Amino acid sequence: MRKFTLTILLAVFAVTITDAAKIQGTIKEEQGSTLAYATITIKGTPTGTTANSKGFYSLDLKPGTYTLQFEYVGFITVEKIIEVADKDQELDITLITNKNLMGEVIVKAKGEDPAYRIIRQAIKKRNYYQQQTDSLSVAIYLKGIIRTIAIPGKILGQKIERDGSDGLDSAGKGVLMLSESNLLLDEVKPNQSKITVRSSFSRGDNMGLNFSKVTSFYTNNVNIFDVNSSSRGFISPIADGALNFYRYKLLNTYTRDGITVKTIRVIPKRKHEPLFSGNIEIAEGSWRIYSLDLLLTKDYQLELIDTLKIKQLHGPVTPHIWKTKNQIISIGFNMFNFKGVGSFVNVYSNYNLSPQFVPGYFDNIVMKYDTGYYRKDSSFWTQSRPVTLEDDEKRYYTFRDSMSIVRESRPKSYYDSLRRQQKIKLTHILWSNQRYRWSSSSSTTTYQLKGLIKGLEYNTVEGVALKINQHLNYIPNKGRYNYYFYWNMRYGFENRHFNSFGTFTVTSKKDAYRNRYLSLSGGKRVSQFNNDNPIDALTNSLYTLFARRNYIKLYENWFGNIQYSNKFENGLIINVRASFEDRIPLNNTSFYSFSKSTRPFTPNHPEELAMIGFDRHQALMTDITISYQPGQKYIQYPNRKVSIGSDKPVFTLHYTAGIPDLLGSDIKYNKWKLSATDNMNLKLAGLFKYNVGLGGFLNADRYSIPDMKHFNGNRTFYNTKYLNSFQLAPYYAYSNIAKLYGEANIEHHFNGLLTNKIPLFNKLK
Numbered sequence: 006m007r008k009f010t011l012t013i014l015l016a017v018f019a020v021t022i023t024d025a026a027k028i029q030g031t032i033k034e035e036q037g038s039t040l041a042y043a044t045i046t047i048k049g050t051p052t053g054t055t056a057n058s059k060g061f062y063s064l065d066l067k068p069g070t071y072t073l074q075f076e077y078v079g080f081i082t083v084e085k086i087i088e089v090a091d092k093d094q095e096l097d098i099t100l101i102t103n104k105n106l107m108g109e110v111i112v113k114a115k116g117e118d119p120a121y122r123i124i125r126q127a128i129k130k131r132n133y134y135q136q137q138t139d140s141l142s143v144a145i146y147l148k149g150i151i152r153t154i155a156i157p158g159k160i161l162g163q164k165i166e167r168d169g170s171d172g173l174d175s176a177g178k179g180v181l182m183l184s185e186s187n188l189l190l191d192e193v194k195p196n197q198s199k200i201t202v203r204s205s206f207s208r209g210d211n212m213g214l215n216f217s218k219v220t221s222f223y224t225n226n227v228n229i230f231d232v233n234s235s236s237r238g239f240i241s242p243i244a245d246g247a248l249n250f251y252r253y254k255l256l257n258t259y260t261r262d263g264i265t266v267k268t269i270r271v272i273p274k275r276k277h278e279p280l281f282s283g284n285i286e287i288a289e290g291s292w293r294i295y296s297l298d299l300l301l302t303k304d305y306q307l308e309l310i311d312t313l314k315i316k317q318l319h320g321p322v323t324p325h326i327w328k329t330k331n332q333i334i335s336i337g338f339n340m341f342n343f344k345g346v347g348s349f350v351n352v353y354s355n356y357n358l359s360p361q362f363v364p365g366y367f368d369n370i371v372m373k374y375d376t377g378y379y380r381k382d383s384s385f386w387t388q389s390r391p392v393t394l395e396d397d398e399k400r401y402y403t404f405r406d407s408m409s410i411v412r413e414s415r416p417k418s419y420y421d422s423l424r425r426q427q428k429i430k431l432t433h434i435l436w437s438n439q440r441y442r443w444s445s446s447s448s449t450t451t452y453q454l455k456g457l458i459k460g461l462e463y464n465t466v467e468g469v470a471l472k473i474n475q476h477l478n479y480i481p482n483k484g485r486y487n488y489y490f491y492w493n494m495r496y497g498f499e500n501r502h503f504n505s506f507g508t509f510t511v512t513s514k515k516d517a518y519r520n521r522y523l524s525l526s527g528g529k530r531v532s533q534f535n536n537d538n539p540i541d542a543l544t545n546s547l548y549t550l551f552a553r554r555n556y557i558k559l560y561e562n563w564f565g566n567i568q569y570s571n572k573f574e575n576g577l578i579i580n581v582r583a584s585f586e587d588r589i590p591l592n593n594t595s596f597y598s599f600s601k602s603t604r605p606f607t608p609n610h611p612e613e614l615a616m617i618g619f620d621r622h623q624a625l626m627t628d629i630t631i632s633y634q635p636g637q638k639y640i641q642y643p644n645r646k647v648s649i650g651s652d653k654p655v656f657t658l659h660y661t662a663g664i665p666d667l668l669g670s671d672i673k674y675n676k677w678k679l680s681a682t683d684n685m686n687l688k689l690a691g692l693f694k695y696n697v698g699l700g701g702f703l704n705a706d707r708y709s710i711p712d713m714k715h716f717n718g719n720r721t722f723y724n725t726k727y728l729n730s731f732q733l734a735p736y737y738a739y740s741n742i743a744k745l746y747g748e749a750n751i752e753h754h755f756n757g758l759l760t761n762k763i764p765l766f767n768k769l770k
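Numbering-wise (the working numbering), the sequence shown opens with residue 6 and increments by one.
Everything labelled a hint here was simulated from the structure, so no lab data went into it. Note that the coordinates shown come from a computational prediction; the quantities given were computed from them, not determined experimentally. Built from N, CA and C at the ideal position, the CB exists for glycine as well. Fair warning: there could be bad hints in the mix.
As the list claims (entries may be wrong) - Quick list of simulated restraints, FRET-style, between CB atoms:
| hint | residue 1 | residue 2 | range |
| --- | --- | --- | --- |
| 1 | Leu471 | Asp683 | 38 to 44 Å |
| 2 | Glu752 | Lys129 | 34 to 40 Å |
| 3 | Gly747 | Ile480 | 42 to 48 Å |
| 4 | Ile264 | Asn355 | 21 to 27 Å |
| 5 | Val346 | Lys601 | 20 to 26 Å |
| 6 | Gly337 | Asp683 | 34 to 40 Å |
| 7 | Pro321 | Ser437 | 57 to 63 Å |
| 8 | Trp443 | Gly618 | 24 to 30 Å |
| 9 | Tyr488 | Thr607 | 40 to 46 Å |
| 10 | Lys48 | Tyr695 | 52 to 58 Å |
| 11 | Ser359 | Thr451 | 54 to 60 Å |
| 12 | Thr99 | Arg270 | 22 to 28 Å |
Use the sequences and the hints to build the structure in full.
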C-alpha cells in the first residue's frame, strides 16, 4: 500500500514539474547594452512579465505555441513565435531603436516643424482620453529599490556612525531600500478612489520618496509624486497651454500593427520652470500617447533628488481604449556626498473598465491593507512578482531578515557594548548637542543636552542669560505609554535671577496619530507679555547689541500647568488646560550695546501700554481649544486607522476664562476666538494660505497685560510668522480688551509663476 501511494505521489510530482516550462533570457539593444525593465507580453492576452534592471526576464508557460512581444520605449517591438514543451528555453532578444527606421523629415526653411501639427491634435484629444472611462479597476505591482553609491564619513560636521546593520559595504555601497507590493486600484470619476493593498514586503528606508500610483500625462498638471504631497506638479507636454512652454521636433515615423507612430522630441523653452525634456510618441489619427521617455532635473524645479526619468508604455485594453501597461521611474541623487540611484517600477494588469461597486464602497478610507498583507511567504512572491529579483536584491532580503532575528535575540552584552561606545565630548556639550542612549531588551532611554552656546542670549532685563535645555525620554518596548521629561534652567548674569521649570508628558502608544497626551509642568520661568512670543531671543539679542533696540518685554512667574489633548478619527481635536501664575514684574538692569548710538533703551514695560500698571499678582486660568478639519482621509491597517489629513480648512474655537479669587487669583474675564486656516495648493499657480478670525471679550472686569488680546507685530527686517503677524505693526500698539475684533492674514507664494519668465532673475529660483 505504501509503495502504491508513493508511486502515485511521484507521478503527480512528475506531471507537476512538466506542466510548465521556463522561458528566460536577456533583452539588449543593438550595441550590446541591456535594456532595464523591458516589457514582455503574450500577444493577444494581458499576460506577461517585465525584465529587471539587468534586462533579464523569466516567464513560466504551459506547453503550447505562443507569440511573445518584446517592447521598450524608443525601440521597435520584436515578436517571436515559440513552441513550449517540457524543457526550459533560453531566448535572448535584441531590440533596434526607432531612429534606425527613421525616414527623412523635410522641413522648409520658414516652415513649422511637423511635430507641432501632431501636438496640437494630441492637445485637442487630451481631455477626451482623460475622461474616456468613468470607472475602472486595475491590479498594480509596485517595486522600488534604492542603491547607494557612496556614503560620506561626515555630514555637516556630524560623523555618521555605522555598525554594519545597514548591509552596506565599507564604502557605503549597496541596497538601502527594497519593497514590493500588490495593489488593487478602484476609481470612479471625478474624484473617488480606493487602493487595497493585497500583499506588501518592504525592507529599509525610502528616504521619504513616494510616487504616484498612476501618473497621467493627459492631465494639464502631472503628479509624479504622491497626490497627497505638496508638490506643484509638472506641465504635461500635451497640456492645454503646452505650446507656451515647449518646443517640439519630429524625430521619426514608424508603423506597428497598422498604427503609424510619431516620435517627437520635447524641448523646454525656459529653465527653472516645472518642465520635462525627452521624447513622446503619439499615434497618428487617434492622437493618443503611445509611449514616453521624459526627464526632470533640478534646473526644472525638481526637488530632493537630482534627476528623475519616467518611462511609460501604453497599450490597448479594448480596441478603442488604451491604458498604461507599465511605468518606470529612475532617480539619481547626490546630497552632501551621499550618492545613490533608485528605480520604481509599476506594472498594470487585469484592467476592468466596468467594475460594479457596492453602495458606500468609496468612503473616507483611501487605502486599505488586507489582513495578513505582510505574511506572504517567498513562494507567493516567486509566483506573483512580474519582475525577477536580482542577486543583490535576494541577498538584501536575506540579510535584513537575519538582522531582524538578531535584534530580537540580542544579549545583554550587546547593549552594554553600545553604551561603552558612546562618548561625551566637549564640542557636543558646547554646540552640537550631547546625546546619550541606554538601550535594553525592555526599553530605550535617551538623554539630550542642547548645546550651551545655543542657549546664550542677551537682553536688557537679564544681561547675558544662559538657558540649559535637557530632554529625558523613556520608551518601554511593552506597555501603553511613552514618557518624556523636559527640564529648563535659566540664569541672568546681570540681575542674578535663577529660574527653572520642568514638563512631564505621558503619550499613548496606541493610535499614535491621535497625539493623545497628558502634560504636567511647573516651576519658575521668564515669559513675554505676549505669550505668542512675537520676537525670538536671538533676533532680540542682535537688535539690542547692534542697534540699541530692546523689543522683547519680559516678566517672571511661578507657575503650574496641567494639560490634556486628544485627537479623534474624524479630525476633531480637543485640548483642555488649567494654569496658575504668580506674576512678577522685571526691570532693565543692563544697558550695554555695541552700537555707538545714544538712543536710550525703552523700559521693560511695553511703552504702548504705559497706562496699564503691572504689579505682582496671581492669575488662575482655564481654557479649552476645539479644532476640526472636515474631510479627513485615512489609511486602514488590520489593527489601526491612520489619518493622512484633508484638503479642507481647519476651524478652531478657543475659549479662556480668568477665574477670580480662587488660589488668590486677581483676574476675572472671559474671552473667545474663532478662526479658520488653510493651505491651498494651486499647483502651477502657487500656494495660497490664509488665516482669518473673529474674537472678543465677553467681560473684562479684572485683567492684566498678559491676559489682553495681542496682535503679533514685527519691527525687524524679517519674520517667519507670516500668517500670524502684521509685518509693520509695533508689538503692543493694538493690544486690547474689545468686545469684538476681526483679523485676516493671507500669503501667496507664486512658486516662480512670474519670476521664472524673467531672464537672469529666474536663476535665483
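Each hint, compared with the structure:
Look at Leu471 against Asp683: about 41 Å separates their beta carbons, and that is inside 38 to 44 Å. Between Glu752 and Lys129, the C-beta spacing of about 37 Å keeps the proposed range 34 to 40 Å intact. Between Gly747 and Ile480 the beta carbons are some 44 Å apart, a value that agrees with the proposed interval 42 to 48 Å. In this structure the supplied range 21 to 27 Å holds for Ile264 paired with Asn355, their Cβ-Cβ distance being about 24 Å.
Separated by about 57 Å at the C-beta atoms, Val346 and Lys601 break the suggested range of 20 to 26 Å. Checking the proposed 34 to 40 Å range against Gly337 and Asp683 shows it holds: the Cβ atoms sit about 36 Å from each other. Distance hint for Pro321 and Ser437: a CB-CB separation of about 59 Å, consistent with the stated range 57 to 63 Å. One distance hint, 24 to 30 Å for the beta-carbon pair Trp443 and Gly618, is violated here, with the actual separation near 51 Å.
Distance hint check for Tyr488 and Thr607: the Cβ-Cβ separation is about 43 Å, which falls inside the suggested range of 40 to 46 Å. For the pair Lys48 and Tyr695, the supplied restraint of 52 to 58 Å holds, since their beta-carbon distance comes to about 56 Å. Ser359 and Thr451 have their C-beta atoms about 55 Å apart, which keeps the hinted 54 to 60 Å range intact. A hinted range of 22 to 28 Å for the beta carbons of Thr99 and Arg270 is consistent with their spacing of about 25 Å.
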